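Trainee: For the record, the sequence lines run as chains E and F.
For the first sequence, the tail end lands on 326 under numbering that gives the first Met the number 0, and the numbers increase by one without skipping.
For the second sequence, the tail end lands on 218 under numbering that gives the first Met the number 0, and the numbers increase by one without skipping.
Since the hints were made in silico from the structure, they are not lab data.
The model shown is predicted, which means the values in this text are computed figures rather than measured ones.
Just so you know, not all the hints are guaranteed correct.
[Said to hold, decoys possible] Pairs of lysine-lysine residues, derived as BS3-like cross-links and limited to a Cα-Cα distance of at most 27 Å, are as follows:
id: 1; chain 1: E; residue 1: K21; chain 2: F; residue 2: K63
id: 2; chain 1: E; residue 1: K21; chain 2: F; residue 2: K156
id: 3; chain 1: F; residue 1: K154; chain 2: F; residue 2: K131
id: 4; chain 1: E; residue 1: K326; chain 2: F; residue 2: K63
id: 5; chain 1: E; residue 1: K318; chain 2: E; residue 2: K37
id: 6; chain 1: F; residue 1: K45; chain 2: E; residue 2: K318
id: 7; chain 1: F; residue 1: K156; chain 2: E; residue 2: K326
id: 8; chain 1: F; residue 1: K154; chain 2: E; residue 2: K21
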Amino acid sequence: MSDFRASSAHPKRGAEQHVLTKQDQRRHWFQHHGEVAKDCLRQWLSAPTATLMTILVLAVALALPSFLFTSLANITRLTASWDDENKISLYLHTDLSQSQIESFSQRLLLRADLIAVDLVDAEQGLLEFKQYSGFSDVLDSLQQNPLPAVISVLAKDTGEQSLEKLQQQLYALPQVEQAVLDLQWIKRLNAMLLVLQRAIIALSLLLACAVLLIIGNTIRLNVESRRDEILVAKLMGATNAWVRRPFLYTGIFYGVTASIAAWLIIEMSLIVMQNPVLQLSLLYQSNFKLIGLGGIGGLLLLLVGLSLGLLAAFISVNKFLNQLEPK
Amino acid sequence: MIAFEQVSKEYQGGYKAIQDVSFSISPGEMVFLTGHSGAGKSTVLKLIMLMERASSGSIAIGGKNLAPMGSGDIPFHRRQIGVVFQNHQLLFDRSVFDNIVLPLRICGYDAVDAARRVRAALDKVGLLDREKLNPRVLSTGEQQRIGIARAIVHKPKILLADEPTGNLDPQLSAEVMTLFQQFNRIGTTVLVASHDLNLIRRMNCRTLTLQQGRLVDDV
Ligand SMILES: Nc1ncnc2c1ncn2[C@@H]1O[C@H](COP(=O)(O)OP(=O)(O)OP(=O)(O)O)[C@@H](O)[C@H]1O
Ligand SMILES: [Mg+2]
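Could you put the whole structure together from the sequences, leaning on the hints where they help?
Mentor: Here you go:
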């Protein structure tokens, strides 16, 4: 107790009221961010398993929609190479002579409603067919080329009705045995892809809500466990921003690490799928390769994770802070 | 410095904790607030801290009316007030030093400066050698003094104390009061809620007496 009395001898020591300059405040702001970030890290390291589990759950929730979007992008890319929906194939009568075929194709070129005319004559067609079908022996044993000459035309007008009308017109020509608007099914596929895309978007929104809830709940527990500290700090004049800061860091941490984990999950599953897909596409004479999230996709995933974490933390802490407002 | 004008506070549920209370404390004054348990002493302090808002009447602290203060202003209002709580409110998850440095960290003091001020405050309450301990291991009286050190460490303009001597023996109580007097002498306005009438009489200060929420005496 002696020093207790002794101190009364110089009561003025350190008694000057401290006035903070703008510069002080800025430095303090950075200092506090640093402290808070370190504190955050210490907390996760103190409960590594629980933190890891939460991150994994979040990663799966983030990876699923990203994976579906990536797959969708790959499929769309595959079908994009067949984008000439206005193509009509004209199978010509086999009894036409080469010169008749050529002059017919010349005449087609003059039509205003066509933008391209591509003649694949019977010889050429046979060669291609032999090469790709593996039936070359069978075909060699045939006396005559069984294939007709084919003229592919691209219609100028891509409207469905005008395409059908054109197809009828061309079909009516005497040289034409059959006119096939062969890319109808691509339209159907594209329509289906659109539905699929919508479904994936809906699923993504649901999973984003799940991520919000998981992070929000984790932060809420965090806030509850530091309840006393917050109450005391608020009474000493802590701003809401000051109280919120560590929790925002926690939210961002969860969001970002989960995004990175999700990215790893996706890239790894794509690597696993790459070879089988390559073999499959080789069978179809294509050199189609799977493309991953890529830089922009990865960045987007990171941003989504970060904002979800931030938002969840913000909502959770604010709910608590609002209870502390005086009534 | 502290001005109450016909202030009433009705808690949720309709209980009127204080009614029509008016008083004024000038800067640099030291005043006691007394009354039976439940008379509304803590309520007065909570109103000053903006932990609660008045149901009617007006309160001005340092010339500023509290009613229009929003959540953005409250922190800065509270920073000019140091509080010693009835139930000390120390944090048991950190050392004595970290407890006391909290208000300084909140206000944004430089770490070195803050450490110096914490030691000065600890020195004042005579517990300089306990800085690294957890407050849990300290005696109730020591905890109370740590609470006081935390309330004064940032040199607030106003010092509020709610039963600061509740757990102290008469000698320690007297010492704590001397400490408050020292702060008062360097210009801090001090308001102490207490029902220790003997102590109050000995201090010979202005005393506000509450009875069932009404101010019945001001001497
Ligand atoms: N948050 C609250 N909600 C409802 N009633 C409350 C609340 N806080 C206090 N009260 C009531 O208001 C009255 C005054 O309370 P207050 O805490 O101001 O008394 P006090 O004079 O500090 O008493 P003590 O000496 O026991 O600390 C009490 O009857 C109490 O029950
Ligand atoms: Mg009380």
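Trainee: Taking the hints in turn, state whether each one holds.
Mentor: Here is what the structure says about each hint:
no.	hint	in the structure
1	E/K21 / F/K63	holds (23 Å)
2	E/K21 / F/K156	holds (21 Å)
3	F/K154 / F/K131	holds (22 Å)
4	E/K326 / F/K63	holds (19 Å)
5	E/K318 / E/K37	holds (25 Å)
6	F/K45 / E/K318	holds (22 Å)
7	F/K156 / E/K326	holds (25 Å)
8	F/K154 / E/K21	holds (20 Å)
When the structure is compared with the earlier hints, no violation turns up for any of them.
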